[in-house]
Each structure stands twice: as C-alpha cells, then as structure tokens.
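Novice: Sequence:
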Amino acid sequence: MSASEPVPKHAVLIVNARSRQGRAQFRRAVELLRGAGVELSAAHAVRNPRKLTPTVKEAVRGGAAMVIVGGGDGSLSSAVEELADRDCVFALLPLGTANSFARSLGIPLDLEGAVETIASGRRRRVDLGVIDGNHYANGAAIGLAPLVAATVPHKLKRWLGHPGYLLWAIWCLVRFKPFRLTVEVDGERHEMNALEVRIANGAYHGGVEVVEDAEVDSGAIVVQVVTGRAIGRLIRNWAAVLLGRQSRSETMVDFHGRKLRLVTDPPLPISIDGEVLGHTPALVEVARGAIEVVVPA
597 MSASEPVPKH
607 AVLIVNARSR
617 QGRAQFRRAV
627 ELLRGAGVEL
637 SAAHAVRNPR
647 KLTPTVKEAV
657 RGGAAMVIVG
667 GGDGSLSSAV
677 EELADRDCVF
687 ALLPLGTANS
697 FARSLGIPLD
707 LEGAVETIAS
717 GRRRRVDLGV
727 IDGNHYANGA
737 AIGLAPLVAA
747 TVPHKLKRWL
757 GHPGYLLWAI
767 WCLVRFKPFR
777 LTVEVDGERH
787 EMNALEVRIA
797 NGAYHGGVEV
807 VEDAEVDSGA
817 IVVQVVTGRA
827 IGRLIRNWAA
837 VLLGRQSRSE
847 TMVDFHGRKL
857 RLVTDPPLPI
867 SIDGEVLGHT
877 PALVEVARGA
887 IEVVVPA
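When you line the sequence shown up against my numbering, it's residues 597 to 893, in that order.
Keep in mind that the hints were calculated from the coordinates and are not lab data. Don't be surprised by glycine CBs; every beta carbon is placed ideally from N, CA and C. Any given hint could turn out to be false.
[Said to hold, decoys possible] Derived CB-CB ranges, DEER-like:
(1) V626 <-> R718: 43 to 53 angstroms
(2) D782 <-> G631: 48 to 58 angstroms
(3) V849 <-> E805: 43 to 53 angstroms
(4) G633 <-> A826: 52 to 62 angstroms
(5) L769 <-> K605: 47 to 57 angstroms
(6) L763 <-> E805: 18 to 28 angstroms
[What the hints assert, rightly or not] Subject to a maximum C-alpha distance of 30 angstroms in a straight line, what follows is the list of computed DSSO-like cross-link-like pairs (lysine-lysine):
(7) K855 <-> K773
(8) K773 <-> K647
(9) K653 <-> K605
(10) K605 <-> K647
Whole structure, please, built from the sequences with the hints as guidance.
Specialist: Put into structure tokens, the structure is as follows:
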C-alpha cells in the first residue's frame, strides 16, 4: 500500500470494552463511523482483554482493508503485533488513560475527532519498536513505571485516570530502588547508575511529552536514562518534564540507534505501552516503516 492512496472506507472495528472509556463508547463509535461513511463489515466489543489480539489477528487474516482498534496504549500495542508488515491499514480510537500513541501521531483524543480523522485523514507509514522480537507502538520503560503498571488497582486507574497513576506512583516510590544499567550501542558499552529508562518510539510517555526528539518515523529508537542513585533526582526530572523545563537534561542521558542491548543489575521487568511484558536483559530494535496508520490530513 502507498501513503498516497486513500484511506479505506471498509473496516473491522475492535474495541477493548474494559478500557477506561471503551464499554461506554463502543456503540457511539459504531454510530459515528457509519455516519461518517465508514462501512463496518464487523464490530466487536471485546470484554476479555486476552481475546483482543486473536480478534485483530482474525480480522487481518480475513482480508480486512482496515482495522480500527479502540482502547488504551496497551490495547493498541497488542494490536500492532498482528498488523506489522501486513497489507492492512491501522486506525485507532484513543479510549485509554494516557493515549500516548495517539498523541505522538497527532490524533484527536475525543471520539468525534478520532472518527473524523479516520473518515477524512491520510495514511502515514511509521516505525514500531521491537523488544526481544515483539513489536510495540510507542514507548517502554524500566524502573518505577513497570512497578506502577504491575500493581496499580484497576479501579483506581479506571476512575481517576492520570491523578490515580500519580497517587499510586508516589506510593510505589517507597519500595523503589535504583539499579545498575549497561547500554550497548554501535559497538560501544556504557555503564551507569540509573533510576529510570525510557525506550521511546514516540515522544509521549504516560500521556506526557517526555522524549522530545523521539519520532515515530525517524528510523531509530531513543533510550533515555535518568542517571544517579538519589530518588530525589528522579522526582526532579519528572517535575521538569511535567513543567516543560530544559533542566530535565541535567539529570539524564540519551542514546539513539537502530539496535541497542540493555542489561540491568538486578534483572528488571519492562513495561511496554503500559503493560509489563518483558524483562532485562533485552534487545531493543526499530522496525522501520512497519505499519501504516491513519492520521489527520
């Protein structure tokens, strides 16, 4: 497929009905899409998250010209594994808490705006991140983020959104410990004390613009490390990020590459688009132009 070709008008809709807004907005999405001229050959409200990926896989193998997935970053990330290097256009409805992938693509976060993008937008070929052979959409992390993602109560995440994440992150800081990190890239080995590692295909992480120079079509992955051992240093970094201050660079170092190896002591979990799905040591790569998405015209 070519980015110059029009966006398909026939699609399969798959919505994670357990995402923060999914269950309430599934029927509305069907109405809006059909009203915008998008013909749905099938529409699935998936209440069991384990069935979302098989449903996407079935739609792609069934020859769908476009698959529309509604949900949070975790749902979208699980979907791209089935869409990578396939002759199928990917469109998304951001129905989660952070919606980082949608933000990186410039897609409106309201349902009406997202549907309008699908109906009148254009195709854009973008990269995907790859961790130990598994594709992901936007960003991964080592450190506090996986601890939060693995333990945050679902009801707190669902009802409070960003404030809920923040409250739980503060609680998790009590149990958090810094670690030793080794980054291998371009034949060089870098060792350091680390508080957090962000593995970015896109600029947004947790709904906040964190890695400014990460682009979804750059052909490279950015590994951003908050260095040091004092927890206060991580807090200062996040404060600078949230306030958009340039002082954030004083507490971190960036690595760019098409292939990087990350080793931690001790071995640690990796949260991938909000879900704990990997562990260190890990090989991080970029799959250049692996998927074609619908973005605003």
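Novice: Decide, hint by hint, whether the structure agrees.
Specialist: Now for the hints, and whether the structure bears them out:
The beta-carbon spacing between V626 and R718, approximately 23 angstroms, falls outside the hinted interval of 43 to 53 angstroms. In this structure the hint that D782 and G631 lie 48 to 58 angstroms apart at CB holds, the actual value being about 51 angstroms. The supplied range of 43 to 53 angstroms is broken by V849 and E805, whose beta-carbon atoms lie about 18 angstroms from each other. In this structure, G633 and A826 meet the distance hint of 52 to 62 angstroms, their C-beta atoms being roughly 56 angstroms apart.
The supplied range of 47 to 57 angstroms is met by L769 and K605, whose beta-carbon atoms lie about 49 angstroms from each other. For the hinted restraint 18 to 28 angstroms between L763 and E805, the CB-CB distance of approximately 22 angstroms keeps it satisfied. Annotation: proposed proximity of K855 to K773 holds, straight-line Cα distance about 27 angstroms (limit 30 angstroms). Distance restraint check for K773 and K647: the Cα-Cα separation of roughly 35 angstroms exceeds the 30 angstroms cut-off, and the hinted pair is therefore not satisfied.
Note on K653 and K605: the hinted pairing holds, with a Cα-Cα distance of about 20 angstroms set against a maximum of 30 angstroms. A C-alpha spacing of about 25 angstroms is found between K605 and K647, which places the hinted pair at or below 30 angstroms, so the restraint holds.
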